[in-house]
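Make one complex out of these two single chains by using the hints.
One-letter residues, chain by chain:
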Amino acid sequence: MEYFIQQLINGVTLGSIYGLIAIGYTMVYGIIGMINFAHGDIFLIGAFISLITFLVLGIIGITWIPLALLIVLLVSMIIASIYGWTVERLAYRPLRGSFRLAPLISAIGMSIFLQNYVQLLQGARVRPMQPVISGGFTFLEGSAFSITVSYLQIVIVLLTIILMTAFALIISRTSLGRAQRGCEQDRTMSALLGINVDRTISLTFVMGAALAAVAGMLFVLYYGVIDFYIGFLAGVKAFTAAVLGGIGSLPGAMLGGLLIGLIETYWSAYFSIEYKDVAAFAILVLVLIFRPTGLLGKPEIEKV
Amino acid sequence: MMNQSNNNTSGIDFTALLKESGIASLVALGLAIVLVGFKTVDTPTGMDIATRWVWVLVAVASVFVGRMLFAFRRESKASRAPVHVDLEAKEKRSAIIVNRFSTIGGPIFIGFALVLPFMPFADRYVVDVATYVLIYVMLGWGLNIVVGLAGLLDLGYVAFYAVGAYSYALFAAYFDLSFWVCLPLAGLCAAGFGVLLGFPVLRLRGDYLAIVTLGFGEIIRVILLNWYEFTGGPDGLSGIPRPSFFGLELKRTASDGSQTFAQFFNLDYSTMHRLIFLYYLILILALLTNFFTIRIRKMPIGRAWEALREDEIACRSLGINPTNTKLTAFALGAMFAGFAGSFFATRQAFISPESFTFIESAVILAIVVLGGMGSQVGVAIAAVLLIGGTELFRGLEEFRMLAFGGLMVAIMVWKPRGLLAHREPTIKLHPDGAPPPMKQAATEGGVK
Numbered sequence: 001m002e003y004f005i006q007q008l009i010n011g012v013t014l015g016s017i018y019g020l021i022a023i024g025y026t027m028v029y030g031i032i033g034m035i036n037f038a039h040g041d042i043f044l045i046g047a048f049i050s051l052i053t054f055l056v057l058g059i060i061g062i063t064w065i066p067l068a069l070l071i072v073l074l075v076s077m078i079i080a081s082i083y084g085w086t087v088e089r090l091a092y093r094p095l096r097g098s099f100r101l102a103p104l105i106s107a108i109g110m111s112i113f114l115q116n117y118v119q120l121l122q123g124a125r126v127r128p129m130q131p132v133i134s135g136g137f138t139f140l141e142g143s144a145f146s147i148t149v150s151y152l153q154i155v156i157v158l159l160t161i162i163l164m165t166a167f168a169l170i171i172s173r174t175s176l177g178r179a180q181r182g183c184e185q186d187r188t189m190s191a192l193l194g195i196n197v198d199r200t201i202s203l204t205f206v207m208g209a210a211l212a213a214v215a216g217m218l219f220v221l222y223y224g225v226i227d228f229y230i231g232f233l234a235g236v237k238a239f240t241a242a243v244l245g246g247i248g249s250l251p252g253a254m255l256g257g258l259l260i261g262l263i264e265t266y267w268s269a270y271f272s273i274e275y276k277d278v279a280a281f282a283i284l285v286l287v288l289i290f291r292p293t294g295l296l297g298k299p300e301i302e303k304v
Numbered sequence: 001m002m003n004q005s006n007n008n009t010s011g012i013d014f015t016a017l018l019k020e021s022g023i024a025s026l027v028a029l030g031l032a033i034v035l036v037g038f039k040t041v042d043t044p045t046g047m048d049i050a051t052r053w054v055w056v057l058v059a060v061a062s063v064f065v066g067r068m069l070f071a072f073r074r075e076s077k078a079s080r081a082p083v084h085v086d087l088e089a090k091e092k093r094s095a096i097i098v099n100r101f102s103t104i105g106g107p108i109f110i111g112f113a114l115v116l117p118f119m120p121f122a123d124r125y126v127v128d129v130a131t132y133v134l135i136y137v138m139l140g141w142g143l144n145i146v147v148g149l150a151g152l153l154d155l156g157y158v159a160f161y162a163v164g165a166y167s168y169a170l171f172a173a174y175f176d177l178s179f180w181v182c183l184p185l186a187g188l189c190a191a192g193f194g195v196l197l198g199f200p201v202l203r204l205r206g207d208y209l210a211i212v213t214l215g216f217g218e219i220i221r222v223i224l225l226n227w228y229e230f231t232g233g234p235d236g237l238s239g240i241p242r243p244s245f246f247g248l249e250l251k252r253t254a255s256d257g258s259q260t261f262a263q264f265f266n267l268d269y270s271t272m273h274r275l276i277f278l279y280y281l282i283l284i285l286a287l288l289t290n291f292f293t294i295r296i297r298k299m300p301i302g303r304a305w306e307a308l309r310e311d312e313i314a315c316r317s318l319g320i321n322p323t324n325t326k327l328t329a330f331a332l333g334a335m336f337a338g339f340a341g342s343f344f345a346t347r348q349a350f351i352s353p354e355s356f357t358f359i360e361s362a363v364i365l366a367i368v369v370l371g372g373m374g375s376q377v378g379v380a381i382a383a384v385l386l387i388g389g390t391e392l393f394r395g396l397e398e399f400r401m402l403a404f405g406g407l408m409v410a411i412m413v414w415k416p417r418g419l420l421a422h423r424e425p426t427i428k429l430h431p432d433g434a435p436p437p438m439k440q441a442a443t444e445g446g447v448k
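As you go down the protein sequences, you meet chains E and V in turn. Residues in the first sequence are numbered consecutively from 1, following the numbering used here. Residues in the second sequence are numbered consecutively from 1, following the numbering used here.
Just so you know, these hints were derived from the structure itself, not from any lab. Just so you know, not all the hints are guaranteed correct.
[What the hints assert, rightly or not] Cβ-to-Cβ under 8 Å is the rule here; a few derived chain V residues that face chain E:
1) G30
2) F38
3) K39
4) D42
5) P44
6) L196
7) P200
8) V201
9) E218
10) L283
11) I359
12) G406
13) V409
14) M412
[To be verified] Estimated spans, in silico, between C-beta atoms of each pair:
15) A166(E) with L26(V): 20 to 28 Å
16) F121(V) with E274(E): 45 to 53 Å
17) G123(E) with W53(V): 15 to 23 Å
18) F399(V) with R89(E): 46 to 54 Å
19) L120(E) with R124(V): 28 to 36 Å
20) F230(V) with F137(E): 42 to 50 Å
21) F109(V) with L74(E): 53 to 61 Å
22) E274(E) with V195(V): 24 to 32 Å
23) R80(V) with G33(E): 33 to 41 Å
24) P128(E) with W53(V): 20 to 28 Å
25) N196(E) with G388(V): 41 to 49 Å
26) G123(E) with V65(V): 25 to 33 Å
[Unchecked claim] Simulated coverage check for chain E against chain V, where a stretch passes if three residues somewhere in it have a Cβ under 8 Å from a Cβ of chain V:
27) 49-59
28) 125-131
29) 232-243
Fair warning: this is a prediction, and the values are worked out from it, not measured in the lab. Using N, Cα and C, we set each Cβ at its ideal position, and we do this for glycine too.
Isolated chain V, as found in the complex (with noise of 0.2 Å):
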């Protein structure tokens, strides 16, 4: 009877949840049972099978109690009076949001980044794990310029950053030449690559430069493996020298002719000025990347990127040569990674094929994304979250890219276009306050 009132005030017919819960408990055994529930074992005679009944059940049950509440919010959501919910208003109001948080985020950030290897909490491992977290985002803006700004799709970027890396050990080692004289080369070398990559493939349709993309990340991938007399293949290349300090060494001893950075201005030695050196070395790298494709984007070829994203059928039709624009995006975006790549070989002074797997590129795509594409400062913060909150679960190492995984999908299905995703229109025809002709399409970018 209790059931049959509850019934009636609220409208959530409680046989129709029980039902959904054990399909969906149904559906969590199929998946559990054989993988869950057995485990392979090595043993000395071969394989053998350990079952985990108890995991099996946890799973269900887990599952059968969350559809449950679910279905439970979900229907007492809508068996509540429908709220007016006014699309446009929301809009505008998110747009607002995301406008002054972008004006005001931004200078915040930078302020915090200038001065955080001087707080009190900074030691070694946070100035460390900024650093690491300084590359991704220095990655996620170059990769923004291609993804974000010209709509191509690459899912192989880890490979100019590959090439930059490369390219600044092997210059070392070979020629001899210091980290400021190869890295643009190095930033050259990424770009040559991407020209070379970018010219027969860029007017392939959007999801075959996907693949093909992704097939060159795996081929330099495969050749600095397998040539071993050059890049020493699996074993990587070590003793990559590091930067110095307008000539200054960040050592202990300085080599003859010259001075360590400690000798000269009268400090104490420690490890921690080479790190912040570092440190501050990616962020002006990083900021380069960011100012750089602020401004070319009011530049006509910045312009043409947008407008290519857009509707390439129309930038045809206008005159712009899209394959020559596409790769100036492709060979600009490959170019920075080729700079953060020389940082990262001199950052880590051992670099191998290891490091350049197709996750990074999936990671560094996935910043670009979440972080609502375009968007500079949307950038920034999921590779914080994303880099910096996986950081935290190194302890955990085994379920740390478990979760990465279930974050992406959750992430994207909770908000499609990312996490700053409203986007501003590079120009406007009707000033602020004017009524404008027809209703803008600002929100509507994305790859075409």
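Only chain E is shown next, with the shape it has when bound in the complex (with noise of 0.2 Å):
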């Protein structure tokens, strides 16, 4: 039991932080129908820079945590977001309202395109970092197994939390997520009513790879140590959960999320670790064929 609530602690904060990564995926694919492969290496360059953002700061000497931290949370948003706000301006906006497989091949190619840009600037090797946030609270101390909850898994959890009910707000509240459902349930009316497309689709995107910076900020402090490889997995993976939870929806992201982390924890936990991709593969698979639309997803009725 105690085994079960340790994995629980442990896929709760793996889920996290492929939530951040699943909200990119379902904001992009709502609003213009693409798979915006590019966003799993966004994640990865927002990861790079949390990681040299740390190195950096150590050296000048900033040392406390919450300051350095937030400087880091900062730093790798806003560089994230200018990738993310490029991405889009180069390879995608040229191709709108062209056929379907166009935007979709010009996501590949800026995917390899930025994977092997990381490898070349940063080296193939795998970076590790020194532990920043140590520490933690530990239960049932004595037992056979005692459950250890560590600060680190706290901040990621509360941080997500913190992202989500912001975005959520962002969302339903301010004029922009207006102007985002706009966009995503009518393009051509929402231009007609005064919103001015292009820049809502550029800051979707821009929304996007912050939260996957922030994702790729707490990976890089939760496993320590990253590589140029780490960025198509858990794109892949992030997409799966965006999917799973009902594609187009901001809660199912997160659910799809949560739900992906835990599988993939609970299965290397108990069966085997070697397949825990495949676990997490086979169910979307499940899911999509007896719930095509995603667990929160709406029915989509097609018309002629």
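What follows is the structure, given as structure tokens:
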């Protein structure tokens, strides 16, 4: 039982990271109906920027952890947003209104490009990082299995909850959120009503990229090692999470992220660690067969 | 003053140009400052940081200049009197060019491919690269059935390639079967997997299909990687037997009771024989794929694929079963991947999961889409360009994939429908010359 709870805590932590990335996929899919394949690589870039910023801060001498975290968070969010914006501007905007596969291929190309760009600039070797936040609470000390909740896990889950709430508020309360929901429903009509569609789409990419950067930072903190290949797998799993939750739905993305995180953790804990990726995909296939719109997605009616 | 008069004549606003380039270079600065400016370095005690400000400066400056030139060209084009462009005539002209290219280009390509090994410049390296390119041509043609004809977005095509390769290697290892027996078996295995995967997922809409096939590709790879006892795991399988030429072995010395190719034809033994033989083998396999595709397009099932790609609802109301129709396309595409896979295994004599990563699927899909979906010649050209082109840059290993990704984006932005985009309608209600009742939506293909 203790083991089960411990895995639950680990799974929720991992799921939070996936959820943050999944939001970017689901928003972009909702608004322009394309799979932003390069999103996983934005996450990768966010992770590398966080690592570098941590190292630089260490050299300058800013070691008070809350301040350092805040600076890293801001820097990685801002720079990853610029990447998100640039990717959209260069690779997707010229293809808007083109036939359906074109942006997807462009996105795959962008993903390959960014991954190799990072590899070229930062090297192919695994990059380790010293743990920044250590320690935690331990429950049931003395029994066979004690449950540990590290401070880092608390930070990750709290930060995710805060960002999600902020995000939900942006979507539901601000004029930008209204514009986004409008574009999602009908782009032409929104344009007629005076919404700058291009700008709204750009901002959607920027928001997704910022969240992916946060996920990247949390990933660096949590795992302590990154390499240039993490973007692909995390991206695929986050997309799986978005589909699982119902693509286009924000709570769905979070729920899907949590589920994928939990499935993966429990599978590795009770069955085999080698096949954890298989488990996540197998669940995805099952969900799609029995509930093709995902868990929280609205069924789509096809009209002639 | 000079500036002023210049402004008046050409109508180009230089301050706006400067501002635009300034913004672009600011963005470039933002992009470059952390990732380019700092480099993480390993030190014995941990990680350290090195700075590369010169690189950042170069990046920012080149973006500034590049944007300036781009904007200048755009503005000077716009300031000239607007030229009337007859879009329909342009479309027709490009259609004629593409058409001519397809009809003349095809036979020329095949002719060139047939004589290539006997050209004076064809050394080991050239034949080897040509074989490699032809594998991708074949894969591209195979995937073209799925993506180009049936309009199903398959991101896990490499899984079937892997199934073909491993099934040949395993059949040969466990049952001691020859290449020629295994080739159809490998195709069957791959097609079987195609049906197995396709049956549950082909009811899904396009993007879901993409992600499920991607997941399937990864699952196959992970299984190959971890099922150590059976597939050799990351070590792969080696010592895969080579094919024979009608029972004649292409080796230096024949095994008992058989002859080598060189002995039979009274030739001096040369390793080139095997390379050329493999080259022709894949050429024949690829042409077979091509021939099959061309023929099946004219059959009811091929027509059904293309109709399904254009409008699924219309097809359903006409009594076409979408799932079964898609399933045949999926299985046939998988079968050709299986053939190509078993050829790959016999050529390399060694396979490991390394060769079947997602990037391979992306490359094959890129070949199909860049070539202009559905265009057979286009796919061949794209394969030669992408695979042959990146092969030329093998020396610059690190930049190869970077350039590959960049090239994919650039071609898509430049020609979103691919290099040879025009597609002839499979069937014409009114022969050429007669006025069509409506505008033919010949080029409006693509995945719905």
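So, going through the hints one by one against the coordinates:
Below 8 Å, beta-carbon pairs count as interface contacts, and G30(V) has one with chain E at about 4 Å; its hint therefore holds. Annotation: F38(V) was flagged as interfacial toward chain E, and the flag holds, the nearest CB pair being 5 Å apart, inside 8 Å. Taking 8 Å as the C-beta cut-off, the interface hint given for K39(V) holds, the closest approach to chain E being about 6 Å. For D42(V), the suggested interface contact is upheld, since its CB lies about 7 Å from the closest CB of chain E, less than 8 Å.
The interface hint given for P44(V) is violated, since its Cβ lies 13 Å from the closest Cβ of chain E, which is over the 8 Å cut-off. At its closest, the beta carbon of L196(V) sits 11 Å from a beta carbon of chain E; the interface hint therefore is violated under the 8 Å criterion. Look at P200(V): its Cβ gets to within about 5 Å of chain E, closer than 8 Å, so that hint holds up. At a threshold of 8 Å, the smallest CB-CB gap from V201(V) to chain E is about 7 Å, leaving the interface hint in force.
Restraint check, E218(V) versus chain E: the minimum CB separation of about 6 Å is within 8 Å; hint holds. Because the closest C-beta pair between L283(V) and chain E is about 27 Å apart, greater than 8 Å, the hint is violated. At a threshold of 8 Å, the smallest CB-CB gap from I359(V) to chain E is about 7 Å, leaving the interface hint in force. For the restraint placing G406(V) at the interface with chain E, the shortest Cβ-Cβ distance is roughly 5 Å, inside the 8 Å limit, so the hint holds.
The closest approach between the C-beta of V409(V) and any C-beta of chain E is roughly 4 Å, which is under the 8 Å cut-off, so the hint is satisfied. A hinted interface residue such as M412(V) counts as satisfied when its beta carbon comes closer than 8 Å to some beta carbon of chain E; here the least separation is about 4 Å, so the hint holds. Checked against the hint of 20 to 28 Å, the C-beta distance between A166(E) and L26(V) comes to roughly 27 Å, which is consistent with it. About 47 Å separates the C-beta atoms of F121(V) and E274(E), a value consistent with the hinted range of 45 to 53 Å.
For the hinted restraint 15 to 23 Å between G123(E) and W53(V), the CB-CB distance of approximately 19 Å keeps it satisfied. Checking the proposed 46 to 54 Å range against F399(V) and R89(E) shows it is violated: the Cβ atoms sit about 24 Å from each other. Between L120(E) and R124(V) the C-beta distance comes to about 31 Å, which sits within the given range of 28 to 36 Å. A C-beta distance of roughly 45 Å is found between F230(V) and F137(E), which places it inside the suggested range of 42 to 50 Å.
Evaluation of the 53 to 61 Å hint for F109(V) and L74(E) yields a pass: the beta carbon distance comes to about 56 Å. In this structure, E274(E) and V195(V) meet the distance hint of 24 to 32 Å, their C-beta atoms being roughly 27 Å apart. For the pair R80(V) and G33(E), the supplied restraint of 33 to 41 Å holds, since their beta-carbon distance comes to about 37 Å. In this structure the hint that P128(E) and W53(V) lie 20 to 28 Å apart at CB holds, the actual value being about 25 Å.
For N196(E) and G388(V), the hinted distance range of 41 to 49 Å is satisfied, since their beta carbons lie about 44 Å from each other. The beta-carbon spacing between G123(E) and V65(V), approximately 29 Å, falls within the hinted interval of 25 to 33 Å. Counting residues of the stretch 49-59 of chain E whose C-beta lies closer than 8 Å to any C-beta of chain V gives 7; at least three are required, and the coverage claim holds. With 5 residues carrying a beta carbon less than 8 Å from a beta carbon of chain V, the stretch 125-131 of chain E meets the three-residue requirement, and the given coverage holds.
Three residues within the 8 Å Cβ limit are the bar, and the stretch 232-243 of chain E against chain V gives 5, so the coverage statement holds.
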